[in-house]
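Peer 1: These are the residues of each chain, in order.
2 protein chains.
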Amino acid sequence: MSSTHIFKVEMTCEGCSGAVERVLNRLKGQGVENVAISLPDQKVTVTGTLSADQLLEVIKKTGKKTLYEGVQ
Amino acid sequence: MSSTHIFKVEMTCEGCSGAVERVLNRLKGQGVENVAISLPDQKVTVTGTLSADQLLEVIKKTGKKTLYEGVQ
Numbered sequence: 001m002s003s004t005h006i007f008k009v010e011m012t013c014e015g016c017s018g019a020v021e022r023v024l025n026r027l028k029g030q031g032v033e034n035v036a037i038s039l040p041d042q043k044v045t046v047t048g049t050l051s052a053d054q055l056l057e058v059i060k061k062t063g064k065k066t067l068y069e070g071v072q
Numbered sequence: 001m002s003s004t005h006i007f008k009v010e011m012t013c014e015g016c017s018g019a020v021e022r023v024l025n026r027l028k029g030q031g032v033e034n035v036a037i038s039l040p041d042q043k044v045t046v047t048g049t050l051s052a053d054q055l056l057e058v059i060k061k062t063g064k065k066t067l068y069e070g071v072q
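Protein chains in written order, with the working numbering: chain A, 1 to 72; chain B, 1 to 72.
Because the hints were derived from the structure by calculation, they are not lab data.
Glycine included, every Cβ here is placed at the ideal spot set by N, Cα and C.
Please note that a few of the clues may not be correct.
[What the hints assert, rightly or not] Each computed BS3-like pair below joins lysine-lysine, with the alpha-carbon atoms no more than 25 Å apart:
(1) A:K60 with B:K65
(2) B:K60 with A:K65
(3) A:K61 with B:K60
(4) A:K60 with B:K61
(5) A:K43 with B:K60
(6) B:K8 with A:K60
(7) A:K65 with B:K43
[Unchecked claim] Over 10 Å on every C-beta distance to chain B, these chain A residues come out as not near it, computed from the model:
(8) I6
(9) S38
(10) T47
(11) A52
(12) L56
(13) Q72
Extracted from the complex, chain A is given alone in its bound form (with noise of 0.2 Å):
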């Protein structure tokens, strides 16, 4: 079952927040439905079968200061 998962994210120019969308992208297919990114609210929206440790430990890996918010 899919559920949406919210992160936020420290993420200071498009650059920063275009290599969290990319790795999250990766996983398309594999867990991952859909991503959506607000850099101006610092927060990062995934819907998919993988749980919210399973997305913390691949956000983590970009090096970004993240925070799980909950499940929308």
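The hints should help you fit chain B onto chain A, whose structure is shown.
Peer 2: For chain B alone, coordinates are given in the frame of chain A:
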């Protein structure tokens, strides 16, 4: 034996270079000895026992476009 590898990494702000630095510094004592990053030169220099391929994989997980430039 340690080597010093140079990578060209697309970084557009200090958030970008900080993220790459953070990811590599997490490997200090696990194959990475020294990390030097130049944002203006888009250059990441890593000294340690990890191979160029291993380092490339780590840096690519940041989502930044990365090219291997060679050994220093």
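Peer 1: With reference to the structure, classify each hint as holding or not holding.
Peer 2: Here is what the structure says about each hint:
1. Of the supplied pair hints, the one linking K60 of chain A and K65 of chain B holds, its CA atoms being roughly 17 Å apart against a limit of 25 Å.
2. About 17 Å separates the Cα atoms of K60 of chain B and K65 of chain A, which keeps this hinted pair within 25 Å; it holds.
3. Among the hinted pairs, K61 of chain A with K60 of chain B is consistent with the structure: their alpha-carbon atoms are about 9 Å apart, no more than 25 Å.
4. A threshold of 25 Å between alpha carbons decides the hint, and for K60 of chain A with K61 of chain B the separation of about 9 Å falls inside it, so the pair holds.
5. With a CA separation close to 22 Å, the supplied pair K43 of chain A and K60 of chain B stays within the 25 Å bound.
6. Between K8 of chain B and K60 of chain A the alpha-carbon distance is near 21 Å, which keeps this suggested pair within the 25 Å criterion.
7. As the CA atoms of K65 of chain A and K43 of chain B are separated by approximately 22 Å, the hinted pair is consistent with the 25 Å bound.
8. The beta carbon of I6 of chain A sits about 19 Å from the closest Cβ of chain B, which is more than 10 Å, so the claim that it is off the interface holds.
9. With 10 Å as the threshold on Cβ separation, the claim that S38 of chain A sits away from chain B holds: the shortest Cβ distance comes to roughly 15 Å.
10. Distance to chain B confirms T47 of chain A as a non-interface residue, since its nearest Cβ pair spans about 19 Å, more than 10 Å.
11. With a least beta-carbon separation of about 19 Å from chain B, A52 of chain A lies farther than 10 Å from that chain, consistent with its non-interface assignment.
12. For L56 of chain A, the condition that its CB be more than 10 Å from all CB atoms of chain B holds, with the nearest at approximately 14 Å.
13. Every Cβ of chain B is farther than 10 Å from the Cβ of Q72 of chain A; the closest lies at roughly 23 Å, confirming the non-interface assignment.
This entry satisfies every hint, going by the numbered hints stated previously.
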